[in-house]
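Enquirer: When you get a sec, could you build the whole thing from the sequences and use the hints?
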Amino acid sequence: MEEKPKIIVSSRSRRSEVIAKEFPFSQSDVRTPAALSEYRLRAWNLFQKQPLPDTSLEAWRRTDIHQLPADTFTLPQPNAYEDLPPVREDLLRPLADGQHGGQIVLLPGGAKVELDPTLAQQGVIFTDLLTAEREHPELLARLMGSVVNPEEGKFAALAGAFAQNGVLLYVPKGLQIEAPLHSILWGPGAFAHISHLLVLVDEGASVTYVHEAASPDEPGSNTLHAGLVEIQVLQGASLRFVELQSWGKHVWNFSHERVRVERDAQLDWIFGAIGSRLTKNFSELDLAGQGAQGRMSGFYFTDGTQHLDHDTQQNHLAPNTTSDLLFKGALKGKSRSVWQGMIYVAPGAQKTDGYQANRNLVLDERARADSIPGLEICADDVRCTHGATVGKLEQEPLFYIKSRGIPQAEAEKLVVEGFFDPIFQRIPFEGVRERFQEYIAAKMAE
Amino acid sequence: MSSLEIKNLHVGIEGKEIVKGLSLTIQPGEIHAIMGPNGTGKSTLSYALMGHPAYEVTEGEVWFKGQNILELEPDERSRLGLFLAFQYPVAIPGVTVANFLRSAINARRRAENPEDKGIAIPEFRKMLKAKMDMLKMDQSFAGRYLNDGFSGGEKKRAEILQMAVLQPSIAILDETDSGLDIDALRIVADGVNTLMNENMGVLVITHYQRLLNYIKPHFVHVMMDGRIVESGGPDLALHLEEHGYDWIREKVEELG
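As given, the protein sequences belong to chains A and B, one line each in that order. Quick note on numbering: our numbering labels position 387 of the first sequence as 387, and the sequence is numbered without any gaps. Quick note on numbering: our numbering labels position 56 of the second sequence as 56, and the sequence is numbered without any gaps.
Among these hints, one or two may not hold up.
[Unchecked claim] Part of the chain A face toward chain B, derived, beta carbon under 7 Å: (1) Glu396; (2) Lys402; (3) Ser403; (4) Ile406; (5) Phe419; (6) Asp421.
These aren't lab readings, by the way, just hints derived from the structure by calculation. A virtual CB, placed ideally from N, CA and C, is assigned to each residue, including glycine.
Expert: So, in structure tokens, the structure goes:
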């Protein structure tokens, strides 16, 4: 059995003082190779039809984007990266025991792809979007729009229509890949960086895929990232998917992501978010086949005036499915985080086990964390639990730590690292853990 | 010499004076016990010596290694060689015992030399194993989150292990209420007896005479209403065990 969750969005509109600006993109910016034209034109139409979301929509109630200068963004031209700051060296470092199975660097107007030839011979496809459009149009056509519908939002339609960059990953039936695959989306300059990631892990296969999005800080300018992530994990397959974003603090970051997990398949999905001016991220887990399991682990750390909004949904669409979500965030300065989570259990999805928890550590009086768990259960034999907390840095642990000779700043860092440790424990590779730890250290030192 | 000299110390909390002019000197190699009924300011004294921000020192000085440590932050006092074994150790979730101790050692090294890269992991492991063996502790203890879900006895073990690793010149053991838990008392006492040496001074704070069956103090002081009202040798503790505190109270009232 399968069913899509019904999300009812009331469209009561509020009198708007600001005339919403529109993106300056046109139909001529939509690439329409034969196999993709239907999907892309549909996305283009939906993009034109939908207004920019405002705070009258429930999902956007806490994230106000009326200052988004939509009309100023342009798409990078081919090879634009040649005149822009080069990709940060540390991002290119291997993540596990000095090796990658493959690495893709996505740049404004270009991409660099490396894949272990053995994997290529085994039928693995790991390439950038433009190459995939030339070499694997049928596979792309099969995957695009199959997991995320461009109708789901303005930014989903935008990314569907205009994606300039992206990754196609296909892991053939039964293939177990040990070394992680790694992609980096590098987004310098005041552009609209638009990405589309497509992953198909075929029956019984397994792989770890790490995707990082980053850019330098470019104060005073505005950059846009809009992204789509569509992933299918087929029967008995297993995917570990790690996403890290360290966008510059001038970046407006929007994404719609969903992973569909089929019968007896497994997903281990890890998020790390430290960058951007504003993020609105929709991440959904569809447990579509019996016995499917999904774990979502999130880490975010904000400072200054950053605003990060993670909207998660765990959809139990089949019986005997298990989900486990833990999102932990720390906040400094005047920053703000929003986590809204929903566990949905479809009618007939019996013996479901769903869990969600969000924990926040507010390090500054002026920072604010909103935590909104939710359950919608349409089956009767289920176990669903949730928890949400917002805490402060307590005086007593800090005094205790300091009494052992550790100075205040380091004591605070230790408490914060400890707070995030349950997430670190879920990260498969030392190299990835180190990335997270470096990001925390940098935030604490600011 | 690394003696601790407390001179006319006055400490208050939220504007209320708790310690009212306490003087005491602890020399290396000495074990002092402060005893006294509940609510006489014993725990306040230990927190104030370590520099807890909620306790306000209104008068007096505490000299240690040539400095009035009341002017120092708690971490500076620790690095100077002062140690407080907490009555109620605080949980630090997500930070293992080993990681915590390594951070404490590295903080000391960095205070000496800001360029220090920290203790090498193998060297640290070897040192920690030796300390744990000495205290007859299971190695798995090092991998647990500090005090998080620890039993009363495990918390005491963790305090003693920290003391063993940090090797203080002056150790203050706040055992004000723990007289009811005989196992915890033994752990603390065994630890002190193992670690005690001629270069370390110890101040044991307790409500119950029983702790002193396991730790043999050289000096015993009775604290009442924020002051030391009686000092003596080990015999004083035995006398208190037999006769309670009333006779001292009467004596103080007669003088007062």
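Enquirer: Indicate, hint by hint, whether the structure satisfies it.
Expert: Against the structure, the hints come out as follows:
A hinted interface residue such as Glu396 (chain A) counts as satisfied when its beta carbon comes closer than 7 Å to some beta carbon of chain B; here the least separation is about 5 Å, so the hint holds. Taking 7 Å as the C-beta cut-off, the interface hint given for Lys402 (chain A) holds, the closest approach to chain B being about 4 Å. Checking Ser403 (chain A) against chain B: minimum C-beta separation of about 5 Å stays under 7 Å; hint holds. Below 7 Å, beta-carbon pairs count as interface contacts, and Ile406 (chain A) has one with chain B at about 5 Å; its hint therefore holds.
Satisfaction of the interface hint for Phe419 (chain A) is found here, the shortest Cβ-Cβ separation to chain B being roughly 6 Å, below the 7 Å cut-off. About 3 Å separates the beta-carbon of Asp421 (chain A) from the nearest beta-carbon of chain B, less than 7 Å, and the hint is met.
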